[in-house]
Amino acid sequence: MTFVEKVCVLGAGSTKYGKLSESIADITTQASVSAIESAKISPKDIQASYISNVFGVADKQVHLGPVLMSRLGIPEKPSLTIESACGSGSVSFREAYANVAAGFYDCLLVTGVEKVTHTGTEWTTTYFAYCSDFFYEGQAGASFPGLFASMARAYLTEFDATEEDFAAVAVKNHDNGILNPKAHMQKKITIDDVMNSAVVASPLKLFDCCPFSDGASSVILCSEKFAKENGGDYIEVIGSGRGGSPAALQGREHLTTIPSTKIAVADAYKMAGITAKDIDFAEVHDCFTIAEIVDTEDLGFFDKGQGVQAVREGRTKLNSDISINPSGGLKSKGHPIGATGVGQVVEVFDQLTGKAGARTVKDAKIGLTHNFGATGASCAVHIFQSV
Amino acid sequence: MTIEEQLIEYAKQGKLLAHKCTSCGHLHLSTAYYCSKCGSKGFDDNVLEGTGSVATYTIITVAPAGFEKYTPYAFVVLQVDNTDLRISGFMPNIATPDDLPVGTKAKITGFDDRGIIIEKQ
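Residue numbers (our numbering), protein chains in the order written: chain A, -3 to 383; chain B, 2 to 122.
The following block holds chain A by itself, in its conformation from the complex:
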């Protein structure tokens, strides 16, 4: 691969995540406006937009790009929508990144959005199951909690882990989310709260699961030259990787490892010329507590089977060995699925430009985002550096 340009994130913004009353078009626009203002640019500087969204149909609005561009006063600018289940945001970011790196565009708007909570738990559960390999999984009654519960059961069987260990991930992420004004679940919880919450899909309980959230996140991605000439604070993208896994869990060699994560992060580390040891903090895809443990192993932060020990020892807490999900993660910040991957970049931007307030990772220079679709059938990893 030949890269013409260094790529930077010039501005970033999110709506609050949670149950929102505004329409999908409204929140898409609100997040985009906050990114444009953060970047100190005019909408006229934007050459194209990349929108990530999965269930626009649930709020009666697909083809979101032209609606957004019209509201931003740039209806003549092109846009497209990218769907890759819960990984849509990072995949969209990656496609925009590739276009700027190749010198095709100088300044792009990347906005992710989801609006589903009005459909209720049963239908949201149903829609999300459409992200599985439906013939083998959704059709047989597998919900997403059920698929990750299957991974959790395999992990409990294979390694020295307990359900209380999983619960500790939720407790940590809620502790971080309390410090994030835009988080969906700003509530302190205990191990007992998790253990006593209703079983959704054994062994996972309600507080092992991220909430269904509405929300939108947006970033401005541009060439280094554009960032220097036009804007305010920016950070550099130093690594980008993507990978895939067999769509159904049954096709994976190991039930406690997500192949796409390992492929994506290997590419991203190679491009950045660094290793896992160089990462100061990471926003990882903790849609369920088991997922964060598996992620931290697949990303190389801990050996296989040791992720659970790291959580037990508090090594992933804010400002410990490696801060995992300082934003509160999907678990506490919330998981508007089309927005999540972009929202992770917003958090890294805030962290590396001194805007993260009480949840600041001290002396952080390098942050990583990890976001996957479904049970990790698709994945993108990005690495960022302060300038």
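A portion of the hints provided could be inaccurate.
As the list claims (entries may be wrong) - Keeping only pairs whose Cα atoms sit at most 30 Å apart, straight-line, the calculated DSBU-like set for lysine-lysine is:
#1 21(B) x 258(A)
#2 258(A) x 42(B)
#3 42(B) x 300(A)
#4 13(B) x 300(A)
Derived from the structure by calculation, the hints contain no laboratory data.
Starting from the structure of chain A, add chain B where the hints point.
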């Protein structure tokens, strides 16, 4: 019959239709169109006994639409006997994890609106 319909017809007879690569011998579920190992397209049908052991499972209490009436039920991943293949399915009549330790012998018994049905042997 489509590829999916063929697999379903065998499942209704308690069997699993697999595809064996004519080039390298790698075994796949019959929904594979190309060999994931060598990239070849030719397959021979291999009809397997739908028996195996539970590789992992979950018992679902909050179900997708259409499955509420079946709760609690298990979604299981079955390790198919004498192969590297696994197949997922719906297992009825399971209430607690004690009913279904990993390793439990189970088999494909049918296909209906709950997908591939797998029951304890």
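Evaluation of the provided hints:
no.: 1; hint: 21(B) x 258(A); result: holds, 28 Å
no.: 2; hint: 258(A) x 42(B); result: holds, 28 Å
no.: 3; hint: 42(B) x 300(A); result: violated, 35 Å
no.: 4; hint: 13(B) x 300(A); result: violated, 39 Å
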